[in-house]
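Asks: Chain by chain, the residues run as shown.
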Amino acid sequence: MTERSKSYPNLVSEPQSTPSGTQEILTTLKPRFSRVAKVEIRFLAIWIALGTLVLIDAVFLPRSLQRSTLLAVSPFAAFLAITAIGQAIVIMARGIDLSVPAIMSLSCAILIGFSAGNDAYLFSAVGAAILAAVLVGAVNGVLIAFLRLNALIVTLAVGAIVTGVTIWYRQSVGAESPVPPSLAEFGNGRLLGIPTSVAIAFLVTCLAGLFLTKTVAGRRFEAVGTNPEAAHVIGMRVRIYQAGAYVTASMMYGIAAMLLAGFIRNPTLDVGAPYFMSPIAAAVLGGVAMSGGVGNMLSVAVASIFLIQLDQSLKMVGLPTSWQLVIQGVAIGTGMYLSELRSPHQGK
Amino acid sequence: MSMPVLKLEGVSKTYPGVRALDQVSIDCLPGEVHAIIGENGSGKSTLMKIASGVVRPDSGVVEIAGQRSASVDPRTASALGLSTVYQDDSLVLELTVAQNLFMASRPGSVRFDDMNVWAAERLAAYGVNIAPDALIADLSPAQRQFVEIVKALQSEPKALLLDEPTSTLDADGVRKLASIIRDLTARGTGIIYVSHRLPEILALADRVTVLRDGMHQGTFAVTKSLSEHDLITLMVGRDIDVEYAAKATIIDEHPVLVVKKLSGKAFQDISFSSRRGEILGFAGAEGNGQREVLRALVGLEEAHGTVECAGQQVSTASPRSAFESGLLFLSSDRKGEAIFPELSVGKNMIFPLLGKLTTLGLLSRKKEQATAAAMKRDFGVAAADLSVPVIQLSGGNQQKAVLARSFRSGAKAFLIDEPTQGVDAGARFEIYKAIRENIQSDGTCIVNSSDAQELAGICDRVLVFSRGRIVHELVGDAITEENIVGGFLTARDDRQTTNADAATATATFLQQLTGGSASWWVPLLFLLGLVAIVAAYATTNSSVFLKPINFRHLLLALTPVAIVAMAQLHTLLIKGIDVSVGSLMSTVVVAMSFLVVSGASPLMIAGGTAACLLLGVGTGLANGALVRFGRINPVITTIATLSILQGFALVGRPTPAGIIDGRVTSLLRTCIGVLPAATIFVVIAALVGDYWLHHTRSGLLVKATGFREEAARRSGAPVTWIHLRAYILAGVGAAIAGMFLGAQVGVGHPSVGQNYALASIAAAVLGGAALTGGRGSFSGALLGAFFFTLMSNVISVLGLNSAFGVIASGTMTLVAIVLYSGVAGFDRLVRFFTRSRREAEGAAS
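Going line by line, the protein sequences match chains A and B. Under my numbering, the residue at position 271 of the first sequence is numbered 254, and the numbers go up by one with no gaps. Take any residue in the second sequence, note its place counting from 1, add 856, and you have its number in my numbering.
Chain A on its own, in the form it takes in the complex:
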């Protein structure tokens, strides 16, 4: 940061900027309300959708909103929210990540392998698992941002390689292999009455949101996603930010995998499988634009809750789980179609 400020020497050196600046603040604070209505419709939509769903459930399916149901279901919303935030960051950088399930399965396998179900190695195993995820993300990032290869194919192929490695590695680990007991306890525990995973998801959402809206790097990241060419012209390190998106996202997948492993205690090889499509669906429904740059982490988390609640409601009505996939597909399609309609000034 010091290096940046050096390159921008003469700054708020305008003499009158401070006194009249405060005056300006007063005038600019007022229309903030209209701003919410104007700019954030794409992010508000999912709140409305969730509200409608909860209302319908309250009338027709009250047991889907019972405390016990919510406690049982909310951890899944938490896992989805964390992965979806990762995917949203990648999409904001104009990419896509199809290696999510592979990375999550790898992290779980490494957790089990390194800890051997023993509390003594818990922290090093969790560290190694998340590090492995980050490394895979770095490979994705370098191939996509620096060698400019197609994100879809790179993440599919890297996903395949990681899956292969995971299968191979799991064979050396016993088939009946639980996670360390204290992780299981943690994953199933409560913090102030709410499941720990939910609390952590909330924390991750806030941190990601804070990063994007309140830090210099987050602001530059937003710019790189919105218009990489313009960002390049004004001297931003476009490639670093783009590659960084994959690394950060992979860290999210690693964290989610740890919580998921703790929750289900006995993660199998395809523990990550449900996270192929649903994070993309949550990101798109949360208003993240495929054209890059635009995204709101809170809305993505809300979209995750929406998808899980919808799934739960359908299950309770008696529809098979597979309909979830159909609904996600339709949601992605409609979400994309609507967001294209809303933004007519897209280059391509």
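To be clear, the hints were calculated from the coordinates, so they are not data collected in a lab. You can trust all of the hints, since none of them are fake.
Simulated coverage check for chain A against chain B, where a stretch passes if three residues somewhere in it have a Cβ under 8 angstroms from a Cβ of chain B:
(1) 120 to 134
(2) 192 to 199
(3) 204 to 210
(4) 217 to 228
Here are the computed distance ranges between Cβ atoms for each label pair:
(5) L1381/B x V125/A: 23 to 33 angstroms
(6) L1477/B x E212/A: 33 to 43 angstroms
(7) G1236/B x T196/A: 27 to 37 angstroms
(8) F43/A x V1539/B: 55 to 65 angstroms
(9) R220/A x G1217/B: 12 to 22 angstroms
(10) T196/A x L1477/B: 41 to 51 angstroms
Here are the simulated DSS-like pairs of lysine-lysine, each with C-alpha atoms no more than 25 angstroms apart in a straight line:
(11) K1268/B x K1117/B
(12) K1223/B x K1212/B
(13) K1223/B x K197/A
(14) K1268/B x K1212/B
(15) K197/A x K1212/B
(16) K1032/B x K1080/B
(17) K1116/B x K1268/B
(18) K1222/B x K197/A
(19) K1289/B x K1103/B
Beta carbons are placed, not taken as given, at the ideal position from N, Cα and C, and that holds for glycine.
Assemble the complex: chain A is given as a structure, and chain B must be docked to it using the hints.
Replies: Below, chain B alone, put in the same frame as chain A:
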């Protein structure tokens, strides 16, 4: 008097804020050369576009050879007898000369196989000496210009529109063009000739029309008494609608920016300096290198030479490194390279100041608002609110926001390309004032503008460019609009034919490699080599591998992979992709387990098969329509389809169940000796596919569409249908592949197709398909699929860990894209590093 071949009457056109054409009437008689001249932005190109049917006039009539063109469509204009030679090339660079000419010929008029001979004849007829089998990309710009002209003459037009035809030609080329034009006029063709170069016009034209600000200034017969000077006087002298700020009174002699011997692709040997407080103008007709020089100074264009700013050597490797030495570039492509459209005005302006707006490391909303508000006021940005997305502002206010950002960035030298393009008159004045005020103390500014009046109004010094060189320098009172326009209109220098600077050895080698992947046989050879290695290894390490039964297994497993890879190739050829093919295969298998169920009647079997194929057509149509009409990115579209299809497959068969009719499965698995019938089918399909792709007009149009959609459209390719058809063919292919897969598994397995999406893309890419469209072959896809199947076969035969199969498929995919599309990126990296090293060495010595 004979009937005009082209007649425009009372044509007007208004763009937001600009009256581009105002009641202009011109005509062109048979056998006549009618020149149209005017300054940049005088309405020449709008006139051309209206005549050729690209742009609809607000009012007025276009008549071609006496017929009023009924609809605004280039194809209608061309059918009536009007051909256009565009300035920006409408050729497909990756195809040969003959192929480009062939696409423009009337369908059925030339046999595909006679293309080269025919093209050679066409070229020779106009005295153009270019090999018909040369790639357009390998030709010089001048040669391309001649190919364009010959292409435009394919339809034997009655009227020919030439847009700046000599901008890329050297003296010899200009003479040849003149002889072609005389030849055409002798045969009665009327020629509309738009040009900036008065000497040429006076030599060639019979009549000349002058436009100024969209107004017709008069049409004159070219006689000895018509002088260049008369024409220039008519062209300049636009009513002054802007008040200009006072120019700098005293300019510090101390130079801020010094450029020495800068040469690049579009310019040679440029040296100049710019002093503190000075606004230096770059003038010239569009495309004479002035924009490229500006871009090269910040590394957006390749160049070599020395650049110094405030006495320091500037690294022109990237905008970032140039900025560190105090150079900042403002692009004329505001939406593409200057603003962050969806972000708010405030966010757009404060980027360079972000580091100073934090409290405890977090951005402070208060400070942000205060700074943005101050900038908004200082630069007079009119926006209802700082949080309005910048794209919703008018062009002038967008530009002011960009200027605010730039002038607060701390740079010393501001390189502004077209400061007032798309800006209304009122805002212009404020922009000029802002530039002047902000460079006063210690900055300098270079302005490139196509508006000579603007340059005359604001610049302290003007450099006039022609054909990549500085030809005049105007200072003080000599800076008048007339002198600027006269400076570049009367430039008589010819484009020098220079050889591109010798690239470094590594770069050349890598370029050859990339070029290598462009020829169809390189991937095939590569794959055959891989197959040979793997097969040899398997033979020596396993006794089972060469047994006929294993071979049959291998070939049976090949069928679905091969078919789906060929299906995928259809989408890759047009620069699309279909990720949903795998789950479509699963869905088809599940559908078979219901419809082609064991013991079904033949009628049901036929119906079931038809239903499976229809499923493929429907999926393809849905994908294609969403991509094409919904304008949704193909990746996300087909991911959505993937999810929906996979969901349906799982709803149908949550677990594998439902036996597929044995007669159908054994029919699809029929073997003739060792060889499965399906293998023969697949090989024939690949050969037919390749014949279609490489030996028919329809295949050529598909490739052209993939390479360059706009050029293909101009050559009359039905691009929308080609795109839709590709997705439909991919769907149908995947459905057929699914039926063969169903025959193999025999039951309705809901996720059996899961891995086929990646395999199909990888096989096609290994076989030479490029994700950038246009390239690939069906036999390549088949061979790629064979290699994939071989790998998994060998892994199972050798008893290797099945995990290796998965790893191998991923690795192969990565290797394939790194080889065929990553090399270019690699090349860029290498060039970047060699260049920074060279610069470092240069600085050290």
